[in-house]
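Residue numbers (UniProt numbering), protein chains in the order written: chain A, 1 to 359; chain B, 1 to 550.
Everything labelled a hint here was simulated from the structure, so no lab data went into it. All of these numbers come straight from a predicted model, not from anything done at the bench. Ideal placement from N, C-alpha and C gives every residue a C-beta, glycine not left out. Just so you know, not all the hints are guaranteed correct.
Below 25 Å or equal to it, Euclidean Cα-Cα: the simulated BS3-like pairs (lysine-lysine) are [unchecked claim]:
1. Lys397/B <-> Lys356/B
2. Lys397/B <-> Lys247/A
3. Lys86/B <-> Lys36/B
4. Lys126/B <-> Lys150/B
5. Lys7/B <-> Lys86/B
6. Lys203/B <-> Lys7/B
7. Lys404/B <-> Lys247/A
8. Lys86/B <-> Lys203/B
9. Lys356/B <-> Lys247/A
Partial list, derived from the structure: chain B residues whose beta carbon lies under 7 Å from chain A [stated by the list, open to error]:
10. Leu335
11. Phe359
12. Arg362
13. Ile367
14. Phe369
15. Ser374
16. Ser375
17. Leu376
18. Asn377
19. Arg379
20. Glu388
21. Pro389
22. Leu392
Take a look at the letters that make up each chain.
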Amino acid sequence: MGKKSNAMDPTADFSDHSIANLETKGLSQGQIVRRRFIRHRAAVGSLFLLGSIIIFVFSALNLHILFFHYHGWWKYSTTDLPELMYKNCPNDSIGCPTLDVIPKFIDGTGVGLGAHPFGQDDIGRDYFALVMRGAQRSILVMFIIGIIAAVIGTVIGAIAGFFRGWVDAVLMRFTDFIITIPSIIIGSVIGFHFGNLGVMFLAFYLGMFSWTGLSRLVRGEFLSLREREFVDAARVAGASNRRIIFKHILPNAVGVIIVSVTLLMSGAILLETALSYLGFGVIPPDVSLGLLISQYQDAFTTRPWLFWYPGIFIIIIALCVNFIGDGLRDAFDPRQRARLTKRMRTRKVPLENQGAKSE
Amino acid sequence: MTQPVLKVENFTVEYWVDGNWYPAAIDMNFEVLPGKVLAIVGESGSGKSTTGLGLMSLLANNARTSGSVQVKGVEMIGANPSILRKNRGNEVAYIFQEPMTALNPVYSIGFQIVETIRNHFEMGPKEARVRAVELLTMVDIPDPDKSFDKYPHQLSGGQRQRAMIAQSLACDPGLLIADEPTTALDVTVQAEILDLMRDLRTKLNSAILLITHDMGVVADLADEILVMKDGRTVEHGTADQIFNRPVHPYTQELIGAVPILGHSAQRVVATSGTSKPSPVLVLDNVTIQYPKRGRIPAFTAVKNFNLEIFPGEIVGLVGESGSGKTTVGRAAIGLLPIKEGRIEIVGTDISHATQKELFPVRRHTGIVFQDPASSLNPRLPIGESIGEPIFLAGIAKGEALNRKVEDLLDQVELPRSYRNRYPHELSGGQRQRVGIARALALTPDLLIADEPTSALDVSVQARFLDLLQELQEQLKFSCLFISHDLAVIDILCHRIAVMQDGHLVEVGDRDAILKHPKDPYTQRLIAAVPVPNPAEQRKRREARLTAKHS
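If we strip away everything but chain A, and leave its shape as in the complex, we get (with noise of 0.2 Å):
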């Protein structure tokens, strides 16, 4: 991946034969990768739409990181009291979604947002920027746990797999303690301790916990790909083991290793939205999606839409983190699965392959 700028290089000297150069410039690994990613469908969908949800997600809200302020697009803020709205509402129930989205030629009214299309909750807040405040927590927990877990689980895989012996032994008994404790559990330890601390410290403690399954993956990828000639090859030339893990192992890894990472991540978002809804993830008055589930979960059957918009949301990013995964999966798996149908099968050969290739 990285090592493809070296192709481009504008140093290099290519001035001779620059046009040969163009005509025999292969493929990288990396763009292999990129071209059978761009042709799953849903994975690519699914980035796409995963992109707008958090563009529109964290631009909806006021933003203040550190000397940063950002004024959101959306008129209210979690902490402002409109006045509750008791109109139109079914079943006599308050503050109901004034999002419209049926046509005016068949109900008369038009398509609209109205002044809180997602509703307000009890007390009058915009129900809109709970669940965009919400989302921000979830996205914001589901990176800041993909991204330890990514480091300490390669970095303790990558030693264990290829120092094996007792480094292997300790780290790996290591990890298989850490694996026995169920997450959910740490989890609700955690979040009963240091919640108060602030959505980051949550995700930072879960993070510490959850890279047991890559470690185990990468260990495994590397005891696997130590023992191929090119390591050795490399030690014969005079690589240290610094050199060897990093330059020569760890790119062959990485497909293992972003795979994983991403699976991981829906799992990561999930667990917050439990452990949120146990009570023990994030606190009030901060927001999350979980949080704002449990909140609000009495409430199903009369104002189903508080319990109805934080679950599409979750549903919505954790699907498409998995499908993104699972395209990732099937772009970094060599062994393609061709579908044919019977169209294909039938079609005629065309006359350029005719000569047969070789290999």
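Based on the hints, put chain B in the right spot on chain A.
Leaving out everything else, chain B in the frame of chain A:
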């Protein structure tokens, strides 16, 4: 006229790859008569195995076949699965290349033979067992009654292949398709299996379709030969025609490229001084042991091994698989620790050197590995792989390094623009050239070549050996050339060392070893090498058999 067992007309196989159909075998036409052997010869990717599998619709899902394949008059293409099932095993049987993967490891070989028998005949388990033991006796498995209950891993490679053959003969098939039946075996075992197959053909009068790339095997067994290239039939004729009067240029090239034992020119070591120079590599009484792991006991791979290599000399190390020759090669370059003895490279003792101490020695050594697909980092452009030793030795950087890499590519006759390519874009032969370029990057005094040609096709191998010889004459490095192929060693080496079971059996000048071997093991090894010439091979075979019986 007798009816052919197999009749193939306009047979075409195509594969669906990346949204297009690519033909792998085009317009095949041939027939096999009972008791005859038709050999399909070709290099890798020529479509020979595809043809073999396609005959009985055993291909992967992304393949389609057209044309006509008749087994004893029954059409197989588009036949319904029950007809195919009835014919597989019963009329047509397969012998695969790798018996270890073709036999199921969790069942005893007897069980697997009985399974085939009872699938096709109404037979009780006891009768089937009797028949299976009979088959095992027929293929000369020692102690068939006991071997019946053995599992594949308990047998040697040759015995496994015999068991496979016994299984395929279970229903007296009219046609045996043998796909590279001896490629995974050592020469001595290969000779035995070929004898067995020839024997069975005369005994059972079945036809054999032999698929192989080894011209020696073909010369030994085939009546008729079909040469394939890029999916097409290039030439089709009797064995005598193809070997002695090939018409098509490709066939001529193919036969010309096969190295023949005892036919290469005299080679003299170019020595610089008059006095005897000091050796580049000394292996003195070396013992190498793989330490015990868990419950697996320690294994001594090499015992009391002595060898010296002098400057400018190529020494061939021959032996069958498991004889410890690769172990010697890896220890000689400091990749494996030794238990006893002394290894010296260019005057430096590396017997018990640490990684740091080895670093300066690395400059004087290079190694070419067996499998070009695995010996290059798939994520590095080959230019970086070649330049790595130079970069790490701190000799050149940046611009100067680029120039050095280009020089090396020139030396191994690869275009400079290949520098930015990735290994998977290169063919096997090209990758092996890259391997050489990397090994020679620091102009080493000693090159270890571990079976560098065993993964290559013959024509590629011939070019590769030429290149290696040229480079050696130019750069005057010494070389330890490890191979199981005596013909290759014959072309390249000045001296030959023969290994068996971790011991050095015999060492001496090339001609002395090849023409007048003293040790019985060496004699057997040389006698077992098949020669790509039907008439001569028949003579050799008879000589070998009389030697065996006397």
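Could you check the structure against the hints above and give me the numbers of any it violates, in ascending order? Hint check: nothing fails, all pass.
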